[in-house]
Each structure stands twice: as C-alpha cells, then as structure tokens.
Amino acid sequence: MALLELDGLTRRFGGIVAVDGVTMRVAAGEVRAVIGPNGAGKSTLFNLITGVTTPTSGTVRFDEHALTGLSAYSVCQRGVSRTFQITALFPEMTARENVRLSAQARHARRWLPLGGRNVFADAETRADAALERLGLIHVAHRPAGLLSHGDQRLLEVAMALAQRPRLLLLDEPTQGLSVEETEQAVETLSALLADGSMTVLLVEHDMEVVFRLAHMITVLHRGAVIADGAPDEVRANEDVQRAYLGGLA
Amino acid sequence: MRILAVVVCVLALAPAGLPPYAMTLLTEALILGLFAMSLDLMVGYTRLLSFGHAAAYGLGAYAAGNLLLHTSIPLVFTILLAALCSGVVAIGVAWVCTLASGVSFSMLTLAFAQLLYAVAFKWTAVTGASDGLAGIPRSPGPFGITFFEGRAGFYYLVLACLVAAFIFCRSLVRSPFGAVLRGIRENEAKTLSLGYNTRRYKIAVVAISFTLGGLAGALYAPFAGFTNTELLFWLFSGQVLIMVIVGGTGTLIGPIIGAAFFMLVSNLLSSWTDSWALFFGAIFILFVLFAPQGIWGLATRWRSLSSTG
Numbered sequence: 001m002a003l004l005e006l007d008g009l010t011r012r013f014g015g016i017v018a019v020d021g022v023t024m025r026v027a028a029g030e031v032r033a034v035i036g037p038n039g040a041g042k043s044t045l046f047n048l049i050t051g052v053t054t055p056t057s058g059t060v061r062f063d064e065h066a067l068t069g070l071s072a073y074s075v076c077q078r079g080v081s082r083t084f085q086i087t088a089l090f091p092e093m094t095a096r097e098n099v100r101l102s103a104q105a106r107h108a109r110r111w112l113p114l115g116g117r118n119v120f121a122d123a124e125t126r127a128d129a130a131l132e133r134l135g136l137i138h139v140a141h142r143p144a145g146l147l148s149h150g151d152q153r154l155l156e157v158a159m160a161l162a163q164r165p166r167l168l169l170l171d172e173p174t175q176g177l178s179v180e181e182t183e184q185a186v187e188t189l190s191a192l193l194a195d196g197s198m199t200v201l202l203v204e205h206d207m208e209v210v211f212r213l214a215h216m217i218t219v220l221h222r223g224a225v226i227a228d229g230a231p232d233e234v235r236a237n238e239d240v241q242r243a244y245l246g247g248l249a
Numbered sequence: 250m251r252i253l254a255v256v257v258c259v260l261a262l263a264p265a266g267l268p269p270y271a272m273t274l275l276t277e278a279l280i281l282g283l284f285a286m287s288l289d290l291m292v293g294y295t296r297l298l299s300f301g302h303a304a305a306y307g308l309g310a311y312a313a314g315n316l317l318l319h320t321s322i323p324l325v326f327t328i329l330l331a332a333l334c335s336g337v338v339a340i341g342v343a344w345v346c347t348l349a350s351g352v353s354f355s356m357l358t359l360a361f362a363q364l365l366y367a368v369a370f371k372w373t374a375v376t377g378a379s380d381g382l383a384g385i386p387r388s389p390g391p392f393g394i395t396f397f398e399g400r401a402g403f404y405y406l407v408l409a410c411l412v413a414a415f416i417f418c419r420s421l422v423r424s425p426f427g428a429v430l431r432g433i434r435e436n437e438a439k440t441l442s443l444g445y446n447t448r449r450y451k452i453a454v455v456a457i458s459f460t461l462g463g464l465a466g467a468l469y470a471p472f473a474g475f476t477n478t479e480l481l482f483w484l485f486s487g488q489v490l491i492m493v494i495v496g497g498t499g500t501l502i503g504p505i506i507g508a509a510f511f512m513l514v515s516n517l518l519s520s521w522t523d524s525w526a527l528f529f530g531a532i533f534i535l536f537v538l539f540a541p542q543g544i545w546g547l548a549t550r551w552r553s554l555s556s557t558g
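Residue numbers (the working numbering), protein chains in the order written: chain A, 1 to 249; chain B, 250 to 558.
Same shape as in the complex, but just chain A (with noise of 0.2 Å):
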C-alpha cells in the first residue's frame, strides 16, 4: 500500500489547468522525483498535498486517510512536512530558534502560555539533531535572516527534518544556489537520505540533482502526467524529450 496516493487531482485557475487529472503512488521508503518544464504545475501539486490550496476535483490520501480539504496545519499535524520554493524562514531568530519552533509542533503542549521548560527542552534536543544532520550546528546561533543563501536552503530542511515527518516534501532545495553550494547541498541531502528510511517528494529543476537524488520519477507537463517510472526509463522516454527540448504540440 502506498503512503501517499493521489487520484484524478485537478486544480483550475479560471480557465488555465494547473493540475490536469495527475494520479501518483509514492511508496514508504521511495524518494520520488516531480520534473517538469516551468509551470508544468509542480508547486501547485504540493499546494495541493499540503492544503494551502483545495482541488477543484480529485482526491489526496495519506496512509489511507483523506487528506482533501483539510487545512495546511491538520495536513502538516498528520505527519507532512515541506520545504518552500521560496525561502520561508523567521529571519530575526536565530537558527536554533527556528528549528526548534519547528520541532515544538510535534510537542503535545506545544501551546503551553506559561513555564514550558520541558517542552522547549525537548524541542531544542531535536532541533540540535538535525542541525547536526544538515551541517549547521556551527551557525545555530545566527539570526536565520543573515545566513548564506545556501544555509538558509539546508536551514528549512532541518526545520522539517525536526519535525520528524512521515512524507518530507522538498520543493526546489537547491533553488538559487551556486554551483558549489548545490553541490554540497545535493552531498548533505543524498547522505541524509541514504538509509532509505525517509519517504520523500521532491521538485526539482536541476537534472543533476533530480538523477543522483531520486528513486523514482514522475515527469508532469501542462498539469498532467506524461512519464513515471525508474530514472533510466524516464531518461529514455520520448515524450519526455520532446517536452523539454521542443516541447510537446
């Protein structure tokens, strides 16, 4: 049984279809891959995964339970944690402090108003460990806001990361960064998902990062699925190379 399954999810924005009738299996333990050319739809399907925004008609399940219409906090409360395409972070804390925001969402006293000496505790014991993991335990005590572009990228991995997620969602994680600094970015993420224990969905542009970070791949164009399947197939796949070189009449 897949953990997370799609089924028929279309979006319309008055009459352009962002997302055309995509379904999609990701297994527990796969690393799946969404490519596609600009505006194939990628970051309307994990708006769409994610809650913040309903479909015009398909559904979302996770782990057997619907999650269509549920808001981005209950989505996120089951156990899906994202990335954003756009760097979202809390730039007058410090990076410590970010993450450890982060993991107190997984706290049951999470709301505590007053003491909570525990609750942060813990929640700072997590956020070290995946400081750690992501190589930024020697910048924790920076504001977020002043770290290098490249940081600030690793930095909200480690903020979902935190959290402990059953699906990690990973939207463009080298988005805007030199080719050094995705190169050490696709190095600290290929260890990081290198036992398998991680289900992760991942939007990408860079093919480099897609082929050494990816089990599987499904290929989107113009809202809809045109190839899915291990990374050799896809490679090969016509329509695939049609989509990306000359496009797809």
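Some clues are possibly wrong.
To be verified - Among chain A residues calculated to face chain B with C-beta under 7 Å, some are:
no.	residue
1	C76
2	Q77
3	P113
None of these hints come from the bench; they were simulated from the model.
The C-beta atom is built at its ideal place from N, Cα and C for all residues, glycine as well.
Given the coordinates of chain A, assemble chain B onto it according to the supplied hints.
Structure of chain B alone, referenced to chain A:
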C-alpha cells in the same frame, strides 16, 4: 528581575511622599500603563495592529461601573469579573476580525470599537448614553475590608494589578505559546505550515490582551467614579497605540513607560497650550522617524553600549 523589585519598592513608597494630586496622576498613569502593556501583546509580540483597543478598556469600565452601581460585589472581585467580561467578548470579536489579516484586520478592530461606541450612545439603561455612568462607588469587602476605598489603598490595588499582569505577560511571551506568537509575527504562513493553527493562537492572544485591557478599564471606573463614551472612542485607541510605539513595542515595560510619558507630557503641554495634541503628534513623528524602537529600546541600547565600553 532585581531592577523590577527596586522599581516596585519605590512605587510602593510613593503614597508616603507624594501630594494627593500627584498620587491621582500616578494612579492613572499605572492604569494606562496596564492598558498599553495589554496592547503590546498584540502589536509588539504578534504584529496584530489593533486600532480599536479602546473597546477593551470601555468594556471593562462599563462592566465594572454597572457591577459596582447595581450589585454589592466587592471591588476586588468586580474588577476581575469585568476583565473577564471584556475577554469573553473579545473571543467573538477576534473570531470575526481574524477572518482578515493585515490592514483589513486593523480596520475590523476599528469598526468593532466604533460599533461599541455607537451602542454606548444608544443603550441608555446600561451605559447612561452621553451622560455616562456617574457616582461609581468603590464597594467594600470581602470580610469588611475597606482598605481599597482610600486614595492610597486604591493605588496599591492598581499597583498590584499592574505587577501581577506584568509578571503574567512576561511568562506568557517566554512560554511555548509566546514562541508561536513570535513565529506568527515573523512569518505567519510558515508558522501555519509547521502545523500551528495560527488563527486559534491569534484569537487567544486577542482574548488575553482584551482581558488585561479590560482590567485596566475596570480599575478606571472606580478610580474616576464615572465612565463616559470617550473611553470607547477611536481617539483613545489611537492614543494607546502611540503610548505603545513611543514606549517601545515588544518590550512590555516600554509601553508602561510610554503611558507615563504620555500622561506627563500631555499634562505639561495642556497647562501651557490648548493645542497640546499637535505637539504630542510631533513628538510621535520624531520617535517613529528617529527612534522606532521607542524609549525603552533607546534605554537598553544605551545600556548595552555603555557596558561594552
């Protein structure tokens, strides 16, 4: 914490040394300080800009006024009941206002406060319309205690409320709940995506803010002995916002200083000119332009500069 203890001790000694007129001013300054601090929870810690905080004050004042006039509930319990009353109303108000965010949120708070203002003018039986409520007593009790009825006793009651509210607010902003508020302040969309029901947190902070603002209003009614519709007017909402900003947002202590500063300056200026508001407006503009961190922000920066050499 040590500085706080010293300040409280000095304030506690005030009745021994100050003339009655100054005691009255000081009492009012502390009430306004409590009111401004309550608004800081929204404006400074959650970036929820309220243009209608007079609603909290007015609700507390009218609730306390009615309870004191028509029941024999002791003063101490009355102010707590009136504060709660303001907080409960705030839950409904915040539920509506948080449907919007940003400027629309601010406009809805203003609209709600003006609605109450209009109601206060028409609902004569409860509010006394344009005459307001007069002759509000300081009811004795419990156990026949009459200490809070006198000038000094009432001052101590106000001081105790302010100190308790300050300690409560400080714990609140340092708690896990406070961390979430800070998240909402810096990036609400991200806070939501981390799994926090941000709207519920916003409603909660508005309710807490209104409860404490209502407590200030509830103290004002027996302090002045009367209430009038000006307590609900938008001008007062604007003034308390100025107190918060001039004192220093997001510091709790700053708005208390800002309120005292406002009292002091407006008293000095108004004895000298009728258009004192014009001059205070200029002071406000200077603060926004050159010291947006406010009086307390300046003070702490000066302290850290002098300690580092």
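These are the hints, each one checked on the structure:
1. Because the smallest distance between the Cβ of C76 (chain A) and any Cβ of chain B comes to about 4 Å, under 7 Å, the interface hint for this residue holds.
2. With its C-beta approaching chain B no nearer than about 5 Å, Q77 (chain A) sits inside the 7 Å limit, and its interface hint holds.
3. Annotation: interface hint on P113 (chain A) holds; nearest CB of chain B at approximately 4 Å, less than 7 Å.
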